[in-house]
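Peer 1: The chain contents come next:
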Amino acid sequence: GQQLNQSPQSMFIQEGEDVSMNCTSSSIFNTWLWYKQEPGEGPVLLIALYKAGELTSNGRLTAQFGITRKDSFLNISASIPSDVGIYFCAGRPGGSEKLVFGKGTKLTVNP
Amino acid sequence: DTGVSQDPRHKITKRGQNVTFRCDPISEHNRLYWYRQTLGQGPEFLTYFQNEAQLEKSRLLSDRFSAERPKGSFSTLEIQRTEQGDSAMYLCASSSNLDRVRYEQFFGPGTRLTVL
Chain A
21 GQQLNQSPQS
31 MFIQEGEDVS
41 MNCTSSSIFN
51 TWLWYKQEPG
61 EGPVLLIALY
71 KAGELTSNGR
81 LTAQFGITRK
91 DSFLNISASI
101 PSDVGIYFCA
111 GRPGGSEKLV
121 FGKGTKLTVN
131 P
Chain B
170 DTGVSQDPRH
180 KITKRGQNVT
190 FRCDPISEHN
200 RLYWYRQTLG
210 QGPEFLTYFQ
220 NEAQLEKSRL
230 LSDRFSAERP
240 KGSFSTLEIQ
250 RTEQGDSAMY
260 LCASSSNLDR
270 VRYEQFFGPG
280 TRLTVL
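As you go down the protein sequences, you meet chains A and B in turn.
Under the working numbering, think of the first position of the first sequence as 21, with each following residue one higher.
Under the working numbering, think of the first position of the second sequence as 170, with each following residue one higher.
Heads up, some of the hints might be wrong.
Claimed, not checked - Part of the chain A face toward chain B, derived, beta carbon under 10 Å:
# : residue
1 : Leu-24
2 : Glu-61
3 : Lys-118
4 : Gly-124
To be verified - Stretch-level coverage of chain A by chain B, calculated; a stretch enters the list once three of its residues show a Cβ under 8 Å from a Cβ in chain B:
# : region
5 : 65–76
6 : 105–116
Quick caveat, the hints were computed from the structure, so don't treat them as lab data.
Ideal Cβ placement from N, Cα and C applies to all residues, glycine included.
With these hints in hand, go ahead and build the complete structure from the sequences.
Peer 2: Right under this line is the structure:
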């Protein structure tokens, strides 16, 4: 089945640093989404991408839909302690309404 | 609160018992999805409804699992004869297909199931 390879698995950074994480797949996706999840809660949508090459920002977050439609990245600038959580990429394959998720990147921000 | 709601938030049951979870989507959303998430993994798709029709099911949805959305509003997910491997977070999400370009699924807080 379709799988998303998300990296890195975890990151430990200092407050104020920039963060970059990415997702790759062997399959093409029509939509890429980035979510953040905190313990005991459901994922919260951060950014949605709909076209190859699209670059979208949401505050300090920037994400891009890869030109090959097989990858996406998320950047967080000037991290703050409340950025702590697990970030998931998710892709929607053609012909389906489901989302396929990566395994997540766990972010720890040291004040 | 106009987000997706799920009930209960936590459920502990003994192996072999039946459990039922409820999801109330965002009111104007006509699509509803169920996912399962185990520790250290991303959510895995189980099934999806458009209005009251169940249009897509994953192979993960064994015959012990059944989902309904009888009136096209709230949905229930039932697990019969629970097994320890069913222990997971069950997530519900909703979306609207009124905009054919945008596609965003919004998740509820989840129901944490523990099977003893």
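Peer 1: None of the hints should be skipped; say for each whether it holds.
Peer 2: Right, here's what the structure says about each hint:
no. : hint    : verdict
1   : Leu-24  : holds (8 Å)
2   : Glu-61  : holds (5 Å)
3   : Lys-118 : holds (4 Å)
4   : Gly-124 : holds (6 Å)
5   : 65–76   : holds (count 3)
6   : 105–116 : holds (count 4)
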